[in-house]
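Sequence lines, in order, name chains A and B.
With the first letter of the first sequence counted as 1, position 423 gets the number 423 in our numbering; the numbers rise by one all the way through.
If you count the second sequence from 1, you need to add 519 to reach our numbering.
These are calculated hints, taken from the structure and not from any lab test.
Beta carbons: idealized from backbone N, C-alpha and C, even for Gly.
Heads up, a few of these hints could be off.
Stated by the list, open to error - Here are a few chain B residues that face chain A, going by a calculated C-beta distance under 7 Å: (1) M520; (2) L594; (3) L595; (4) Y791; (5) K795; (6) Y798.
Unchecked claim - Distance condition first, Cα-Cα at most 20 Å in a straight line; then the derived EDC-like pairs of lysine to aspartate or glutamate: (7) B/K599 to A/E12; (8) B/K599 to A/D420; (9) B/K700 to B/E728; (10) B/K532 to A/E412; (11) A/K425 to B/E825; (12) B/K599 to A/E51; (13) B/K532 to A/E106; (14) B/K532 to A/D163; (15) A/K425 to B/D816; (16) B/K599 to A/E167; (17) B/K545 to A/E324; (18) B/K545 to A/D171; (19) B/K599 to A/E231; (20) B/K532 to A/D326; (21) B/K780 to B/E728; (22) B/K532 to A/D420; (23) A/K425 to B/E728; (24) B/K532 to A/E324; (25) B/K545 to A/E106; (26) B/K729 to B/D781; (27) B/K599 to A/D145.
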Amino acid sequence: MNDSIVRIPLFERADWEFSTIQRAYDAIETIALGDLGLSVYPNQIEVISTEQMLDAYSSVGMPVFYKHWSFGKQFARNQGMYQAGMQGLAYEIVINSNPCISYIMEENTATMQALVIAHAAFGHNHFFKNNYLFQQWTDADGILDYLEFARNYIASCEERYGDAAVERLLDAAHALMGQAVDRYPRRRPADLRSEQLRARERRDHDERMFNDLWRTVPGQGQVRADPSTEETRRAILQLPQENILYFLEKTAPRLAPWQREILRIVRQIAQYFYPQSQTKVMNEGCATYVHYRIMNRLHETGRITDGAMVEFLRSHTNVVFQPEFDDPRYSGINPYALGFAMMQDIERIATAPTEEDRAWFPAIAGNGDAMGCLREVWANYRDESFILQYLSPRLIRQFGLFAITDDAAAPEMRVEAIHDERGYKRIQRALARQYDVSHIAPDIQVVDVDLAGDRRLIVQHRARNGVLLDARDAAQVLQHLADLWSYDVLLKEIDPSGESVLKEHRASPRPGIAQALFG
Amino acid sequence: MHIVDRRLNPSGKSLANRQRFMRRAKAMVRKAVHETAGQRSITEGDEGGEVALPAQGVHEPSLHRAGSGGMREYLLPGNKRYVEGDTLPRPPGGEGGAGSEGSPDGEGEDDFRFALSRDEFVELFLEDLDLPDLAKRRLMEAEAPVWQRAGYAVSGSPSNLALTRTVRNSLSRRIALRRPKLDEIARLAEEADAAEAAGATQEAAELREKLARLRLRASLIPFIDPLDVRYKRFDPHPRPVAQAVMFCLMDVSGSMTEHMKDLAKRFYVLLYIFLKRRYKNVEVVFIRHTHVAQEVDEETFFNSPETGGTVVSTALEEMIRVIGERYPADSWNIYAAQASDGDNTASDNDRTAGLLTQTLLPACQYYAYLEVGRDADHFPPGFIRRESDLWQTYAALIAAGAPIAMRKVSHRRDIYPVFRDLFARKDAGQEAALS
């Protein structure tokens, strides 16, 4: 970088215009791609107003989304909170798409716009493009087109089958959204663009091939395997199946084709957001670290004024503030604070390690290439594996982390581990578990269908550590499941070790959803 | 890098979602609106505002693990004094050591609070209410005509000439009658000249003759004939008068307590919100009376005490005077609501009845009488204990077929039901009169 020409500040006042943003973007881009070696999708920066930000909030940040009352509820809640001054708005929203779209608010000052560009357009963008989970599970090229398709498809269903029918179906599908992701890759590549084509082709094919005579051809029954044996039944139905919406889409006996398509849409969208929930700490840590480095670099080279730097630091320290557990403000571990601290810690270990660090992290300690380590980390880990690997004893001491177990059978809770030699490993593991999806989400699977009898669907919850499902919600979700399945449903909560049944829930279908087939 | 300015994009993208939400939560929102309305002061009666719904009502269920029971593990920051093996009691209320940690999905079980716009508020507030049939019938009579285009006419004022239509008619007539075109005549004249110049006299003579025939034909068939002419036609259309005046009549004599005035005020506010929804322009006239009546402003109407006897007919006379001066019945929809504790000087009852039936009721769209009672002697609406003078007078009028709506109210909570009762959508033919 040529220091002689960059000494002029990018802006000196709080207000900004489009040329200011362009100048700031160019300066930030030089640092991000040059000094930090980031690799990003092309950026698209969109300036929006407060009200549009509230709009975006209520459609999970996406620019296009189908219509449903729950988004209206979200909007009403956010608007109420915002107007009452109980909640500020995010400075930005960034969408994992190619090109990467960042929304920035018009109310932001010039400093905040620079911060937001560094944070979202480079930090998050780099993470989206390079992290293995996003590469594996999401299709940044196709998501916007797919959402457009989803919105139009659902709108056309509302026209053809009525708002009420679609709303009921979406209610049911949303209730099962948490059980609608494939946790392990299947054969199907994630390509949402061809999803639309396939949806159309499936319908066309069904219409072309329909011939009532096929029903009367003899001999059909003989080739079919006997579904009464459990083994063949499980093979035909692909059981056990933890993706309940997938199972319903493929096998629910009385759903109409459009209803299956909508279940598919909800499932695809759930899958798209699945990596985001597993990389909160890393994603925010990466973006916060990137904006911190960039803003400091801008300040060092005189491109932002001291005043702007103070404004940035104030906002930055607010974001990475971690209240302690006995603080009334405490509401869990702040992913920004933990992520940023860990990224900085890796930088420190790479450049100025202590003896302890050399013992704990022999692979990276003192190798001098902080950005190289970080880029490798951002590409190949998710929160759980990242914490397990890189949470250093020094950070455990700094945060004063301690683990508590609460056994319902014991009279009191017990401190299991603190920040001492014996506790480091246990704390690493315990914190990693808090970010492990397979540990947080209940383990629920469709295990069997009574095909020969009353077609009852049997779902199983393996209750880890004896923690049962929230009974009230479980009953409601099970009701939705029964409506979709259109026969009785039985949910067994079993103890994973002894396989003994701890609790059973049952539900019978209400008329409504399945009737659409005959309507 | 592109910068896109989205600020000018149409906002309100969530409107469809919001409407779906409102439809979903309608019953709950309606209940919340009425509860909220009861707590408000009168002046902000028709503002929008925040309402609270029970959280469970619009809950979105999901399968998640319960908040208690079994074996749990917490990891917390900020250890100062604990060492491994310490035991500590469970914090009261919440399970686990996670102080103020919310429920697992991050959503509390508090009431769901959100803001309604003024329109949404009033919409829910006045849902299922309608002007009584009586008023609708009258509404159709009180019209001002408005002129609307209605096709074409063969006669009319020159300023209304429909040029395009006229020329079109003329064109088709000219084509049908084979009127020679101007360039046709010009071409023939040129050919004749050319033939003459070439010396072909025979041919030139034929052409000249043909030309003369064409010219004669063109002069006989006019370019525009009176037959072609069309005028724009306008028809008068009746348009309902979109302005209303609301008369608030109240007895302010000593027997009216603050409580009674408060009840009356609430009723007036409801009526005002209601009329405001139907008419673009609503004016309010306050007339208070003791043994004399006077038109006053709102502040004085509700707040300044008066002493004296009670002569209802004075208020009616004052109202007739105001109508005569400022609100002619053919251009204003007149609504009147009278509030009183029911006292009237005995000798005045006949005069009151006369004024009402002969002058006021024919001019009014709607006349409501609200008899307010003391809070202490509360009774369910509709239950009549002792008929007051005024009540008896009006009851007799209603029995004779006069369109007066009357109710008794003695507690704040009755106001809204009574109002709903008065204006609830009714089947045709059913009179909105007696309780």
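Verification of the hints:
1. M520: Holds: closest Cβ of chain A sits about 5 Å from B/M520, inside 7 Å.
2. L594: holds (5 Å)
3. L595: Hint holds; B/L595 Cβ to chain A Cβ min 4 Å, cut 7 Å.
4. Y791: The hint is violated - B/Y791 has no Cβ within 7 Å of chain A, the shortest such distance being about 27 Å.
5. K795: violated (24 Å)
6. Y798: Not OK, violated: B/Y798 not within 7 Å of chain A, min 30 Å.
7. B/K599 to A/E12: violated (44 Å)
8. B/K599 to A/D420: holds (13 Å)
9. B/K700 to B/E728: Holds - the C-alpha atoms of B/E728 and B/K700 are around 17 Å apart, at most 20 Å.
10. B/K532 to A/E412: violated (51 Å)
11. A/K425 to B/E825: violated (85 Å)
12. B/K599 to A/E51: It is violated: about 44 Å lies between the C-alpha atoms, which goes past 20 Å.
13. B/K532 to A/E106: holds (18 Å)
14. B/K532 to A/D163: Answer holds: B/K532 to A/D163 is near 18 Å, not above 20 Å.
15. A/K425 to B/D816: violated (79 Å)
16. B/K599 to A/E167: violated (51 Å)
17. B/K545 to A/E324: violated (42 Å)
18. B/K545 to A/D171: holds (17 Å)
19. B/K599 to A/E231: violated (57 Å)
20. B/K532 to A/D326: The given pair, whose Cα atoms are some 41 Å apart, is violated under the 20 Å limit.
21. B/K780 to B/E728: violated (101 Å)
22. B/K532 to A/D420: With a Cα-Cα distance of about 53 Å, the restraint between B/K532 and A/D420 is violated, given a limit of 20 Å.
23. A/K425 to B/E728: Given that 20 Å is the threshold and the Cα spacing comes to 121 Å, the pair is violated.
24. B/K532 to A/E324: Violated - the C-alpha atoms of A/E324 and B/K532 are around 40 Å apart, more than 20 Å.
25. B/K545 to A/E106: violated (35 Å)
26. B/K729 to B/D781: violated (98 Å)
27. B/K599 to A/D145: Judged against 20 Å, a Cα distance of about 52 Å means the pair is violated.
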